[in-house]
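Chemist: As a plain string of letters, each chain reads:
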Amino acid sequence: MPKLLGTIIRNLFSKPATVNYPFEASPLVEGTRGSISFNMDRCDQCQDCERVCPSAAIKVYPDDKKIEWDQFKCIYCHLCVETCMHKAITALDHVQSPDYKKSVTVFES
Amino acid sequence: MSKQTKGNKLTVFPYGPQHPVLPEPIQLKFVVDEEKIVDVLPNIGYVHRGIERAIELNDYRRNIYICERICGICNFMHGMAYTETIEKLTDTVVPVRASYLRTIWAELARLQSHMLWLGLFAESIGFESLFMQIWKIREIVLDLNERTGGHRIHLSTNRIGGVGKDMDANLISTYFKQLDKLQKNYDPIANLFHKDAAFKEKTQNIGILPKKIANHLGAVGPVIRGSGIPQDMRTTGYEAYGELDFKPITYDSEDVYARALVRVDETYQSMEIMRQALKQMPDGPILNKNEKFPEGTAIVRVEQPRGECFYYGIGNGTIHLERCKIRTPTMPNIPPLLHMLVGYEVADINPIVHSIDPCISCTERITYVNKEDA
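From first to last, the protein sequence lines are chains A and B. Counting in our numbering, the first sequence runs from 204 upward without gaps. Counting in our numbering, the second sequence runs from 2 upward without gaps.
Just so you know, these hints were derived from the structure itself, not from any lab. There could be a bad hint or two in this list.
[Claimed, not checked] Listing some non-contacts, in silico: residues in chain A with all C-beta distances to chain B over 12 Å: (1) Ile212; (2) Cys246; (3) Pro265; (4) Val309.
[Claimed, not checked] Examples of chain A residues lying across from chain B (beta carbon under 7 Å, computed): (5) Ala220; (6) Val232; (7) Gly234; (8) Thr235; (9) Arg236; (10) Pro257; (11) Cys280.
Using N, Cα and C, we set each Cβ at its ideal position, and we do this for glycine too.
Pulled out of the complex, with its shape left as it was, chain A reads as follows:
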């Protein structure tokens, strides 16, 4: 019983273990594989990223110098970041926020 009382008092005055998510941002952990961003000034439209992408989330249009990235197909494996010769793909530490509509992000030079 004394042991139980200690636990009760501790629980009464301690903070909750959970995060009040939609109102508070969940803490970022170092080294997370998050969203990606294309730097079109460095890109030479070699299509390596499109070729390695396991979920076919990247589409490169070499003639228009345009890249379409589908955040809903992307599995955030960062294989494209590793593959890119010119380091044109930047890895961000935060994930894309949820959306009402499915859409693709277009990067143009």
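Knowing the structure of chain A, use the given hints to seat chain B on it.
Modeler: Okay, now just chain B, sitting in the frame of chain A:
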């Protein structure tokens, strides 16, 4: 539905595919005589996804990511088993550091899977506060996963010929600190599993699977170890396990309680293996690329949290595999489950079904067609 046999009225009732206790869809049809279970008929096939076919159609390099999605919890070990299969087919030698890193991540996956199971099991017997406490501690493991691999669950760090991410000295020291913190928080809970009278009451002497029958029906993982047979694929020495010191954990009471205790002790074993591996890990490269295409046949067996996982691959020198057969641990554990259930009461169904840690989505590799019905 009911039928009359030998004067007793037998009732048949379905359990699943949707049931509050079951995390995944499997249907068990119970034939009961009042409260006593007389017979069980399993019915699987609700989430067949055709992954083996998808593996044949895809480029063999991209398949790692498909294999990782066979099972959410054992994702790293599926990726590891698949890359090992391809490495055997292409005669690739994995660098020592990479195999150590794989071992560490595999043990981290085992740790989080066992903690998840212990929580769900506690909930299935009505011990909800324990469920929440364990899942709270499990966050430490998931944070370690995220810090070292990149994601909380899907690590995706396996590459053919090694791993894609390295650990620096700073990360290794964090690892040791977090493991100590985890153990400190986990000790009182593990103690509870060993000592709590209510927990023992609900799990002891139910779902008995005798040693002989466990062996005969081909049970794997904690189920067979709970029946006293020290069968563990890690002792075959794949990756870095050959250089680490550990022994399979067994319990002899053959009941649900034994299976729970095997898992409790295995969490400590995983922490110990990780500490050993982190200390022994040599410096060196982490990826060894090979230009060869998969050719021939290869068999790989790895120990997943739920038991032995079997991979069989046939390569024909092209970018596609000819065949990739995968047997996940829940499949061989279903026949022992049916044996465990017969003779016990309806109220014992939840802990007994949970004791094999059913993961149905990974199991659904085959479709069963009854010739008489079809």
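Chemist: Taking each numbered hint in turn, which are not upheld by the structure, reported in ascending numerical order?
Modeler: none
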